[in-house]
Structure formats: structure tokens, C-alpha cells
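J.: Chains A and B, in that order, are what the protein sequence lines are. With this note's numbering applied, the first sequence covers 1 to 476. With this note's numbering applied, the second sequence covers 1 to 403.
Be a bit skeptical, because a hint or two may be false.
As the list claims (entries may be wrong) - Straight-line Cα separation of at most 27 angstroms, DSSO-like style, residue types lysine-lysine; simulated pairs:
no., chain 1, residue 1, chain 2, residue 2
1, A, Lys326, A, Lys308
2, A, Lys121, A, Lys338
3, A, Lys133, B, Lys385
4, B, Lys385, A, Lys66
5, A, Lys437, B, Lys168
Claimed, not checked - Partial selection, computed: residues in chain A whose CB lies under 7 angstroms from chain B:
no., residue
6, Ala45
7, Tyr58
8, Leu376
9, Ile378
Hint data in this document are derived by calculation from the structure and do not stem from the laboratory. Since we're looking at a predicted model, the values are computed, not measured. For every residue, glycine included, the Cβ atom is placed at its ideal position computed from N, Cα and C.
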Amino acid sequence: MANYEIQDLVEWDNRVREKAAEFGLTWFPQEFEICDHVGMLGYMAYSGMPSHYPHWSYGKSYEKLKTLYDYGVSGLPYEMVIASNPAIAYLMRDNSLLLQILTIAHVYGHNDFFKNNFTFKSNRAELTIERFKAHALRVRRYMEDPSIGIEKVERILDGAHALNFQCRRNLAIRKVGREEQIERAVEAAQPRQDPFSRLHARPEYHAPETNKVPLEPDEDVLLFIRDHNPFLQEWEQDLLTIVDEETKYFMPLMETKIMNEGWASYWHKKIVESLDLEQGLHLEFIVRHNQVLRPNPGQINPYHLGFKIWEDIYRRYTEPTPEELKRDGAPVKSGTEKIFEAREVERDSSFLRRYLTEDLMRELDMFQYEARGDELVIDKVSDEEGWKTVKETLIKNVGTGSIPIIKVEDADFGHNRTLYLKHQHDGRDLQLEYAEKTISYIYRLWGRECVIETSLQGKRSLLCFNDRGFSVRALK
Amino acid sequence: MTSDTIFREYRISDAERSDRSAGDRLRHREKVRESIRENIADIIAEESIIGKNKDKIIKVPLRGIKEYRFIYGDNAPGVGQGDGNAQPGQVVGKTGKDAPGQGEGKAGDRPGVDYYETDVTLDELIEIMFEDLELPNLERRALREIETDRFAKRKGYRHVGIRVRLDKRRTARQRVKRVLATQHRRATQGLETQKDANGNERRFPFHQDDLRYKHLETDVREESNAAVVCIMDTSGSMDTMKKYLARSFFFLLYQFISTRYRNVEIVFVAHHTEANEVTEDEFFHKGEAGGTFISSGYQKALDIIAERYHPSLWNLYAFHCSDGDNFDSDNPAALRAAKELSEICNLFGYGEIKPLGSRYYESSMLNVFRRLEAPNFQAVLIERKEDIWPSFKAFLSKDRVKE
Numbered sequence: 001m002a003n004y005e006i007q008d009l010v011e012w013d014n015r016v017r018e019k020a021a022e023f024g025l026t027w028f029p030q031e032f033e034i035c036d037h038v039g040m041l042g043y044m045a046y047s048g049m050p051s052h053y054p055h056w057s058y059g060k061s062y063e064k065l066k067t068l069y070d071y072g073v074s075g076l077p078y079e080m081v082i083a084s085n086p087a088i089a090y091l092m093r094d095n096s097l098l099l100q101i102l103t104i105a106h107v108y109g110h111n112d113f114f115k116n117n118f119t120f121k122s123n124r125a126e127l128t129i130e131r132f133k134a135h136a137l138r139v140r141r142y143m144e145d146p147s148i149g150i151e152k153v154e155r156i157l158d159g160a161h162a163l164n165f166q167c168r169r170n171l172a173i174r175k176v177g178r179e180e181q182i183e184r185a186v187e188a189a190q191p192r193q194d195p196f197s198r199l200h201a202r203p204e205y206h207a208p209e210t211n212k213v214p215l216e217p218d219e220d221v222l223l224f225i226r227d228h229n230p231f232l233q234e235w236e237q238d239l240l241t242i243v244d245e246e247t248k249y250f251m252p253l254m255e256t257k258i259m260n261e262g263w264a265s266y267w268h269k270k271i272v273e274s275l276d277l278e279q280g281l282h283l284e285f286i287v288r289h290n291q292v293l294r295p296n297p298g299q300i301n302p303y304h305l306g307f308k309i310w311e312d313i314y315r316r317y318t319e320p321t322p323e324e325l326k327r328d329g330a331p332v333k334s335g336t337e338k339i340f341e342a343r344e345v346e347r348d349s350s351f352l353r354r355y356l357t358e359d360l361m362r363e364l365d366m367f368q369y370e371a372r373g374d375e376l377v378i379d380k381v382s383d384e385e386g387w388k389t390v391k392e393t394l395i396k397n398v399g400t401g402s403i404p405i406i407k408v409e410d411a412d413f414g415h416n417r418t419l420y421l422k423h424q425h426d427g428r429d430l431q432l433e434y435a436e437k438t439i440s441y442i443y444r445l446w447g448r449e450c451v452i453e454t455s456l457q458g459k460r461s462l463l464c465f466n467d468r469g470f471s472v473r474a475l476k
Numbered sequence: 001m002t003s004d005t006i007f008r009e010y011r012i013s014d015a016e017r018s019d020r021s022a023g024d025r026l027r028h029r030e031k032v033r034e035s036i037r038e039n040i041a042d043i044i045a046e047e048s049i050i051g052k053n054k055d056k057i058i059k060v061p062l063r064g065i066k067e068y069r070f071i072y073g074d075n076a077p078g079v080g081q082g083d084g085n086a087q088p089g090q091v092v093g094k095t096g097k098d099a100p101g102q103g104e105g106k107a108g109d110r111p112g113v114d115y116y117e118t119d120v121t122l123d124e125l126i127e128i129m130f131e132d133l134e135l136p137n138l139e140r141r142a143l144r145e146i147e148t149d150r151f152a153k154r155k156g157y158r159h160v161g162i163r164v165r166l167d168k169r170r171t172a173r174q175r176v177k178r179v180l181a182t183q184h185r186r187a188t189q190g191l192e193t194q195k196d197a198n199g200n201e202r203r204f205p206f207h208q209d210d211l212r213y214k215h216l217e218t219d220v221r222e223e224s225n226a227a228v229v230c231i232m233d234t235s236g237s238m239d240t241m242k243k244y245l246a247r248s249f250f251f252l253l254y255q256f257i258s259t260r261y262r263n264v265e266i267v268f269v270a271h272h273t274e275a276n277e278v279t280e281d282e283f284f285h286k287g288e289a290g291g292t293f294i295s296s297g298y299q300k301a302l303d304i305i306a307e308r309y310h311p312s313l314w315n316l317y318a319f320h321c322s323d324g325d326n327f328d329s330d331n332p333a334a335l336r337a338a339k340e341l342s343e344i345c346n347l348f349g350y351g352e353i354k355p356l357g358s359r360y361y362e363s364s365m366l367n368v369f370r371r372l373e374a375p376n377f378q379a380v381l382i383e384r385k386e387d388i389w390p391s392f393k394a395f396l397s398k399d400r401v402k403e
């Protein structure tokens, strides 16, 4: 049970902040809430949000978490932070003093990351909590509206949840509006400046296509449906907006999982070690720290991988080995400068691509596995010839890489108001059962036939869903 | 340094008030029940649950409440971390359930295949099954019940009774009352003391009026018995698919009857050209070769009823499943026996099982039974799983009470 008073936490928090500031971390104002395990399970089911709109899937998620917890399959996290300004973190009441200190230090690592990493910039952190609260109010209002009701709201939410990750990956890139797309198309169609135009035949002018919807493939499937299905009611459009806005909160978290957890772990270690803990607390720290950061054989522990890479960057820029000096030249930046720069401008895919070295991969013994029959078999390890493939596969699988990219190509395919989507096939097929069900949700929201162009076992195929149900057609 | 950190202390009252997921959990559970109801045909077909203990736990796959999204299939390679000596060719897991993933994500931040099944007891399953079954005819009728004397129940006290039921405590209390009343009277009326000549207390014996006996009443309980006679054609033409359909039907029937009667017995009669009483296992799994005399099955059922389940003591439900491929010469005898069965049973039914497409070139008993005019007889055609539930409802709607 708890061996501390709230006053202890306040004092330790002051010391942690002192150290964090010395190390150069900056952060949003921080709020800590002490909760018990039931409260924690509740927060986990709703992604930590103090208020959130209701949907049965959160009840399911709560039951699942609770079952796993009750049977001891999985423990509870020591903390949970939400990326907002002020940042809110939940601390488990029953944790020991040392765990609370470690967690507080860890939380400031996350907080620094939320504040400074570029992926979070588009998020308006100061509005996060309010936004979620407004969503909850709106959804509840629709549910209580006698002309709408819970069933109809769920119908839309179920569909929207199935598609919520089919959206833009990098929110830092501005979305180009239709006007601008037309301008660009017109511009691109203009004949090029030709200094010898008097000599050359005049190139033929092709009028640019400006009527097609969408002009350029659109990744925001939900928003596209919202804006282009004229039969959606206002409240239905609003529900799609709500789900999309929520996803935009999660996107940066997904895109930086490894960096973010690694960063927080890197700093909690530095901070706690600089606190000069008494021996008992220090020993407990070593145990806990290693529990969090131990690799899970056969899997990737984002805490461990991230932590290792941050340490490796720092080391290479502070005391590079002779081989590294020979290969990369003398570092132009200090280790501290380098890691602070990386935490600002990278996300997981770019971070791994730039900073996960062959040596580190070998040290971590990373491998690639694939399915053979009903077994998963290692087919590449991080040796001289394999490491690049393994690294590529890892990058493909982190963050939003595990979500297929599907873009809207045409909203009026065959002049039929058929929604034509295209899956950007990168060697990985869609799981057909899930694709079938998900496309039925698109059909539900779009109201007319929907087709997805993809590739199944090397053959171009068209998955269709219309009033007769699901079908797969081969394409030439 | 930015402004001060805020610590919000744990408060029990907050924690108790904040069961925020209650509504969503309830809604989720409703979905689970709905999903079970939709898949009930599969569940009863897959499990051996006829006549099983009500506490038996059944694993039910929940199809309706998965959260689907676009995900990659099996040909997507993954990356893992080894313990230092990973070699190509090593097996690291199985596809499907325990595929090594990317470590645990935060709630809802990573799509994945979600496998989902739940455990329900048979009892719950049946409850779910019948909860939306509208059976107005059956509900309104009084089921035939047999009155039986059950154990006796204590009810009050009497002045008269037999010796063994004497309530000593109450009897003693009556005497004490009398003693006190006597003392009071003596004191107020100045009568002589209670001492006798020798100075001893005078005896104050029990009087007949003091005696109290416990009174017992025999409790009349309504006992209800029912027997379900399952008759099935096990001739060569009844293949596994047909038996599977028959089995689902029998299961529903048995479970439904069990919810209505205290004591339900089940009899399995298998017939081809001859009929035998068999166990459940044999009934569903043993195939026989040869032709079919439906009348043999009915006759056997009649014999068993005559021997063990007298219609005045038992509510009888008989149901027969066949593919209708009877020898023509047997039809009159079958019709006669069927008439007899419908006379003694509350309900008698015939289910013709013809998987889709086969009904056009095979002979059918449905035409024969059309001539059977009994109000409690129902013939249904079962072509696929989806037909079972409607046929079952149609069958029950004919239930009648025997006087």
C-alpha cells in the first residue's frame, strides 16, 4: 500500500521539475490526479479523457481490460497521460513512493514531447479537453433526441469508427483545398516556357480535368463522405466530424509511440538518477526501470526500442567509436543538441529510418517473420544482407504503417454515384473478412455502391458492395 | 519554470460516483445477447447439449460485435526482437491469435484482429433463446398439471392434536399465564396463600386447557410431467446435414418443454424399417442403411408411451424428423399411427428435412400427412438452418391442453 502522503509527492514533484528544467526540458502546466484501479480502468477505456461520448465499444474495452486485469494477465500502467494543455496524468494510488517518483519524471518526459514534437502542433492542445467534452455533449444530445435515438446514432458511429483511421497520416502537411487543386491543374496544363517557340510547333493544349470529384485522390474517407453524400442529415455529418476530430488527436500519438515512450523513459532515468535517492529507493528504481524497459522476445517493446535509440544517438554524438568517426566524420553537434533536435522534427518512421543503425539492430537481435502455413517463421535476421529488409519492414509496421492506405478516387464512378476507392498495395494484402465488413460500413455511410481496387494474391481485384451484398471481381 | 503543478488527491466519493462506463457496458452486453441470439442456430448445431446439465458452460463466438476496420492479412511480415540468437527458420509463434504484435498499444490506438468469444451457461442461453419467442397461445393456456401431496407445512396451533405434535414451550407458557393470573386474584381478593399446611408451595399442575399442539397442513403442489418423444429416420438417406438440422430442432423442443414442466423425460426412437429406442449419442451419430418404414417408428413410440408414459399422467410431445422418403406401401399404416399419436399427445409434429434443391425429385410425406386432420398436428418443411426457428414456432402454436 501507499507509503507516502500527497505532500511527499508535491515535494518530489518540485525536485523532479528542478532537474528536468536543468536538463532543458520544457512542458505544459501539469496536473496529476490520484486514482484507484477502477478509476484507472475507466480512464483507459476512454483513452484518458475526463469526458467522452458514449459508445458500446468503450464498454467492451472496459470489460476486456477488467477481465485481463482481474485474471492477472495484464497489470495496469503506472500512469496515463493525455496530450493536452494543461497535460493531465493519472497516478495509481496504490503504487509505492518510488513508482510515483519514477512516473512523475516519466510524465514530464511525455509532456515535453507533446509540447515540442512537430506532429502535435496541429492539435491545439489547449482545446483538447474542451473539444472532447463538447463532442460528448453533442452525441448525448443526438441520442436523447426522440427523432434520432441511440440506435441511429450507433449506426453512424459504428460505421465511422470502422473508417476513422482512413485519414491523412501527416497532419503537419496542409490539406489542399479544391480551389487550389484546380488552380494547380490549370497551371500544370499551361505550355512550358520555350525560348525557341518561334522554331517549334506549338504544343497541343489539353484542357485540364476540373470536374472530377475528387480532383486528387483523397485520404480523408470520412470527411469525404461527409462532404459529398448529399443525403446525410446534419447530425450525421456532425457525428462524422466528431469521430474525425478524435482521430486527429490520436494520430500524433500513434505516429510517435516509439519515440515518445523512449523519450519519456530516457528522461525518467536521467532525472531519477540525478535525484540522489537513498539506497532502498534507488534499488527499487533499478528493478522497476528494468521491468518497464525489458525487451519482449518475439515482439517489439516500444519503450525499450525507443530508449535504446535515444541512448545510441546521444552516445554517437558524444563519444563515437573510432569506426564511427571514420565512417561518419566528427559530430558537428553535441549529443544533447542532437536529441533535442530529433525529438522536435521526427516521427517514428523517419526516426527509425535515420537513427536505427545496423549495429544497434544487431545488438537488439531484430528479425523479420512471416506466416508459413499456420506458423510464424523467422525469414530474415539483422545480418549484413538482411538488416535493411528487416528495417524496412519495421518502418512499414510502426505508427500508422499498419493501417492500409485507401484513397477515394472517384465519387461518381460510371456516372452511377458509385464510390471508387483504391488501396495502395505495398505487398501486403487486405484481410478479406475485415475488408468485407468494413466496406459494408462505407456502403452504409455512402448510401450507394462502393468499390475498392486492390490486389489479392498478386491479382488486381475489385471488392464491391452494393444492395446485393459483397462480391469480389477480378480486374484485368 | 511554468506555473505550479496541481495534484488532485484521491477521494473515495469521487471514485464511487464515477462508474462512467456503466451505460456503455450495459449497451455492450445487450449487443452480446443480440449476437448470441443471432448465432443460436450454429451454437446448438455445434454442441452436444441436448439433455445436458444446465450449468454447462458453452463458448459462444461473438460475430456481431467485432469492430471491423481495414487491416492487413496474413501475408504481411512483421518484426520482432530476439533473445540474441535468432536464426532464419525459427518458429516464433502461430498465425492468428498469438501473432506477435507491436507490443501493447494505448487503448484504441492500434487496429488489430480482435477475437472475441464469451462463456455462457446453457441456462442463460436458453433464456436468451426464448425471451423473444412470442407464444401467446401457449402462455394463455393452463398446462395440464397433476396434483400431488407434497410435504406437510406447519400452520398455527390447536388445542387438540396428537401427542407427538405437542408444543412443550407454548404449553408451559400457557401454564405460567395461569399461575400469574391465580396469584393476582388471590392477592386482590385476600384469599389464603399458596402454601399448604406443611409450608410447602402448592403444586400447580398442567391443565387440559394448557396443552397446545402444532398444527400441520398438507401442501398440495402441482406436479407436472412431460415426456418428449424424439423420433428420427436413421435410414441410409439421412445424411449428416439432415441429422444436424433434426438435432437443432429436437434441442429447441426439449429445452422449451423443460422450461414449462418440472419433470421432463426424453425418449429417442430411431427407425429405418424397424424401430429401436436408443441413447442420445446413438440417435445422432449412428447411421443405418436400408429403407424406411415410418410407421415402425410411430408404433414404437406408441408402445413406449403405453408402457411408461400414460397420457393421463404425462404431457406428451412427439416429434418426428425424416427426409420423407418412405416406402409407398407403408403410407396408410403411417397415417393411421400418426392419427393415433396425435390423439394421445399434446402436440405431435412432423418435420420434413430436405436440404435445398432436393425436394423436387424425392418423394414427400407432406402430401400424405395433409390428409391427417388433427388440430394438434403440424407438418413443417425444413430446408436449411434458417427454417428451424420459424418451423419451431409454427409447431408450438398448435399446442393444446388435454382435458
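J.: A separate judgement is required for each hint: does it hold in the structure or not?
T.: Hints, verified against the model:
1. A:Lys326 with A:Lys308: With a Cα-Cα distance of about 23 angstroms, the restraint between A:Lys326 and A:Lys308 holds, given a limit of 27 angstroms.
2. A:Lys121 with A:Lys338: 20 angstroms, holds
3. A:Lys133 with B:Lys385: 47 angstroms, violated
4. B:Lys385 with A:Lys66: 36 angstroms, violated
5. A:Lys437 with B:Lys168: 77 angstroms, violated
6. Ala45: 6 angstroms, holds
7. Tyr58: 5 angstroms, holds
8. Leu376: Given a least distance of 4 angstroms, the restraint on A:Leu376 holds.
9. Ile378: 5 angstroms, holds
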